[in-house]
Structure formats: C-alpha cells, structure tokens
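Q: Take a look at the letters that make up each chain.
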Amino acid sequence: KNQVEQSPQSLIILEGKNCTLQCNYTVSPFSNLRWYKQDTGRGPVSLTIMTFSENTKSNGRYTATLDADTKQSSLHITASQLSDSASYICVVSDHGTASKLTFGTGTRLQVTL
Amino acid sequence: NAGVTQTPKFQVLKTGQSMTLQCAQDMNHNSMYWYRQDPGMGLRLIYYSASEGTTDKGEVPNGYNVSRLNKREFSLRLESAAPSQTSVYFCASRKDLVVEQFFGPGTRLTVL
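Heads up: the sequence lines are chains A and B, in that order. So the first sequence is numbered by the numbering used here: it starts at 15 and just counts up by one. So the second sequence is numbered by the numbering used here: it starts at 7 and just counts up by one.
Just chain A, with the same shape it has in the complex (with noise of 0.2 Å):
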C-alpha cells in the first residue's frame, strides 16, 4: 500500500529560525512529489512540484529536496516568518495524470515571537 509519511508532526520555532521537515514514502512507481502549504481554515496550495529527475526546487525562502534512490524528501524554510504557520503536506503521485495521489499527514509549524 502506497504510504507518505511526515516528521515531525509539529514543531514551533522562533520567528527567524530556520527549519528543515521530512518526508518519508512507499508510492512506486513515483511520478512527482508536492509540498503544499495549508493555513487553518483553508485548502492547501502548491509550494513546489518535483519529478523524479529533480533533487532541489525552491519557492521564495522555501527549499524542497528529493532523494528518489532512498524515497525521502525535505522542505526546508528560511529565516521563518510569523506567516509561515501553518500545516505542511508532502504528498506524492504515482501516476502522470495525478488523478491518485497520496497524501502525508501534514507537520504543524508554528512560528513565535
């Protein structure tokens, strides 16, 4: 069965602090992996795509990288802001037409003063 997991499940830093979450997965055969950002009360949305040729794929102060041979993958944020709380979920597609995806539990950020 086709499984993503995350770690930490939350985790709450210091406003400037810079932080690193993990993704762990069983899907085969992988097609892409998605880190999407949810803010509470909403939908998630897309922080970066990669395929199985890409190892690193940045979106502003967020860096994804994708290890394929051991099936992990990490977000890391820079200099974090106060904005960046919210829940972080890696989910991964075993096929192109990404009508089957398989979603992570999602990591709780919370970012203090």
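Hints are computed from structural coordinates only; laboratory data are not their basis. Only true hints are included.
Just some of the chain B residues that point at chain A, by a computed CB distance under 7 Å:
| hint | residue |
| --- | --- |
| 1 | 48 |
| 2 | 49 |
| 3 | 96 |
| 4 | 105 |
| 5 | 106 |
| 6 | 109 |
| 7 | 110 |
| 8 | 111 |
| 9 | 112 |
Facing chain A, from chain B, some residues (calculated, C-beta under 10 Å):
| hint | residue |
| --- | --- |
| 10 | 51 |
| 11 | 65 |
| 12 | 97 |
| 13 | 107 |
| 14 | 108 |
| 15 | 114 |
Now the in silico label distances, taken between C-beta atoms and shown as ranges:
| hint | chain 1 | residue 1 | chain 2 | residue 2 | range |
| --- | --- | --- | --- | --- | --- |
| 16 | A | 60 | B | 65 | 16 to 24 Å |
| 17 | B | 25 | A | 70 | 39 to 47 Å |
| 18 | A | 92 | B | 118 | 42 to 50 Å |
| 19 | A | 17 | B | 85 | 29 to 37 Å |
A virtual CB, placed ideally from N, CA and C, is assigned to each residue, including glycine.
On the provided structure of chain A, position chain B as indicated by the hints.
A: Quick look at chain B alone, frame taken from chain A:
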C-alpha cells in the same frame, strides 16, 4: 479569477439528512476532485471527474454521489448523512497536462 469556490463553508446535519456540497471553478479546468480531510489522516479522494460528463470513484466513495453538472461545477451529495461523514471536504481542479491541483477553501461538515 475566484479560482475554486465551495458552498457552504459550514454545515451541521442530523443523521439521515441529505445535502449537496457545491463546487465551482472559473479556470476552465477539465479535471475536478472531491477529497475529505480527517484529523490524523491525509486527504483522501472521494470521487473525481476527468471531464464534463464523466465521474470515477476514488478511495472512499461509499455514502457519496457526485454530479459533473458542466465544465465549471462538480457537486457532492450525501443522501443519508452518518456521523462517520463528519469531516472537512475539499474540492480541487486541474488543467490537462499539468500536474498541479488547485484547492477550494473547504466545507466543514458535522453530522450529529
């Protein structure tokens, strides 16, 4: 562009009642999806529609029906609501040949 819109935002039902969740997108996307999000679980696909006039079951379709009314609208119906259907429901859409899905703001449904 409003993107993906969902109505209502909140709803409380009694067991056995029926209701329809509405979803509309103005991005001219062919594919539309319904997911549910429960505490401690990842989003799970209920139904999807690859184009107007077609629908397919996802991972957890039992207790739900869908209608792809036209290219813009994709509705989710609960015929006889059960407490196990208490959840947050998200609609999403996607353009052909593009993997990214765009999500609506969600409907929080409570079944008593």
